[in-house]
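A.B. asks: Protein sequences, first through last, are from chains A and B. In terms of the numbering used here, the first sequence has 152 at position 152, counting the first letter as 1, and numbering is strictly consecutive. In terms of the numbering used here, the second sequence has 126 at position 126, counting the first letter as 1, and numbering is strictly consecutive.
Keep in mind the hints are simulated off the structure, nothing from the lab. It cannot be assumed that every hint is accurate.
[Stated by the list, open to error] Derived DEER-like restraints, expressed as beta-carbon distance ranges:
| no. | chain 1 | residue 1 | chain 2 | residue 2 | range |
| --- | --- | --- | --- | --- | --- |
| 1 | B | Arg165 | A | Arg150 | 55 to 65 Å |
| 2 | B | Asp4 | A | Leu94 | 39 to 49 Å |
| 3 | B | Asp4 | A | Arg104 | 55 to 65 Å |
| 4 | B | Arg60 | A | Ile143 | 27 to 37 Å |
| 5 | A | Arg147 | B | Arg60 | 23 to 33 Å |
| 6 | A | Arg150 | B | Pro148 | 23 to 33 Å |
| 7 | B | Gly29 | A | Leu133 | 54 to 64 Å |
All C-beta atoms, glycine included, are put in the ideal place defined by N, C-alpha and C.
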Amino acid sequence: MTECDDVLSQLLLGRALDADAAAHVSACPHCTAEQGRVRRVAALLASDDVPPVPPALSARVLRLAAPLLARQARRAAWWTLARALAAALVPLPLILFLDFHLVRTAYGVLNVLLPGAVSFYVAFNYAATLALLLALTYGMIPIVAERQMRLRREECRA
Amino acid sequence: MATDEDLMTAVASGDGRALAELCGRYERGLHRFIFRHTGGRDVDDLYQETWLRVVRAARRFDRRRRFSTWLFQIAVNLCRDWHRRPPPEPVDPASFEDSRAGPSGTADASLDARRLLAALPEAQRSVVILRYYHDLGEDEVAEIVGCPKGTVKSRLHHAMARLARLARQ
Ligand SMILES: [Zn+2]
Numbered sequence: 001m002t003e004c005d006d007v008l009s010q011l012l013l014g015r016a017l018d019a020d021a022a023a024h025v026s027a028c029p030h031c032t033a034e035q036g037r038v039r040r041v042a043a044l045l046a047s048d049d050v051p052p053v054p055p056a057l058s059a060r061v062l063r064l065a066a067p068l069l070a071r072q073a074r075r076a077a078w079w080t081l082a083r084a085l086a087a088a089l090v091p092l093p094l095i096l097f098l099d100f101h102l103v104r105t106a107y108g109v110l111n112v113l114l115p116g117a118v119s120f121y122v123a124f125n126y127a128a129t130l131a132l133l134l135a136l137t138y139g140m141i142p143i144v145a146e147r148q149m150r151l152r153r154e155e156c157r158a
Numbered sequence: 001m002a003t004d005e006d007l008m009t010a011v012a013s014g015d016g017r018a019l020a021e022l023c024g025r026y027e028r029g030l031h032r033f034i035f036r037h038t039g040g041r042d043v044d045d046l047y048q049e050t051w052l053r054v055v056r057a058a059r060r061f062d063r064r065r066r067f068s069t070w071l072f073q074i075a076v077n078l079c080r081d082w083h084r085r086p087p088p089e090p091v092d093p094a095s096f097e098d099s100r101a102g103p104s105g106t107a108d109a110s111l112d113a114r115r116l117l118a119a120l121p122e123a124q125r126s127v128v129i130l131r132y133y134h135d136l137g138e139d140e141v142a143e144i145v146g147c148p149k150g151t152v153k154s155r156l157h158h159a160m161a162r163l164a165r166l167a168r169q
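Take these sequences, add in the hints, and give me the full structure.
C.D. replies: This is the structure:
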């Protein structure tokens, strides 16, 4: 019976029968009797008329999806930023440690060569410049993260 | 051209244009699937809900899977729930006999694809639509309807036997 079912399924799905299957149909009384009906069912299934998609349907879907997408976008942006910040914070202690030692060493050397007040003034400016650079670097992180996310999105669509 | 899976990654990050592109690719196939499954009832609502589920679950989509399989899986589940919702409409084979026995109507006039599909239980209907109209392989249909490949085979056999009975002269 399984072989009969397989052969008749092939007929139902409109597939061409191979030589073995065709030989089975002509030798098997059950398949011989059924094949006409199965072909008729296949023809009836093929004759279905499905109306076209209403033109406004996809626009409606996109309109309804807009708030969900906005939420996804906010969540994705937050995650990208959180990951970028987390990655950036890893080397921060080392950077602070090196900067501190650089400033201290510079102050020590300057103190030998220059009057105390001048050495302090130069070292303070040096420290302030380093702090400003660090602030600028970390301030850029959200901007870079946002840009990276936009680029990735465009890459996905391309 | 971006793959469906790439577009899904973009949808997961809230990209509306990627969703529009996916909708365009599957609009016709998905709409037809739902239409055949429900016999034309609540098609637009189910179509819409399928896409909204796609968006809601976009972050959980596994990129290693085929998007089309996942999409139809969602549609099959929604159609399944839909069939459970209202009083079911199993078409009694006897009603076919009655309508065919009418004085003027020929058998072919009363039997059409929609009525044939409506005569099948929901599980068999999904298999017939996916195998016959969408030309999907047994493996993919098995994944979509969530059953072993052997069950897909036997559902198709049972459906065929039932349909052939209905078509019996
Ligand atoms: Zn046989």
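A.B. asks: Decide, hint by hint, whether the structure agrees.
C.D. replies: Hints, one by one, checked against the model:
1. At about 59 Å, the CB distance of Arg165 of chain B to Arg150 of chain A agrees with the hint of 55 to 65 Å.
2. A hinted range of 39 to 49 Å holds for the C-beta pair Asp4 of chain B and Leu94 of chain A, which are about 44 Å apart.
3. For the pair Asp4 of chain B and Arg104 of chain A, the supplied restraint of 55 to 65 Å holds, since their beta-carbon distance comes to about 58 Å.
4. For Arg60 of chain B and Ile143 of chain A, the Cβ-Cβ distance of about 29 Å falls inside the hinted range of 27 to 37 Å, so the restraint holds.
5. A beta carbon spacing of about 27 Å between Arg147 of chain A and Arg60 of chain B agrees with the range 23 to 33 Å that was offered as a hint.
6. About 44 Å separates the C-beta atoms of Arg150 of chain A and Pro148 of chain B, a value inconsistent with the hinted range of 23 to 33 Å.
7. As the Cβ distance of Gly29 of chain B to Leu133 of chain A is approximately 56 Å, the hint placing it in 54 to 64 Å holds.
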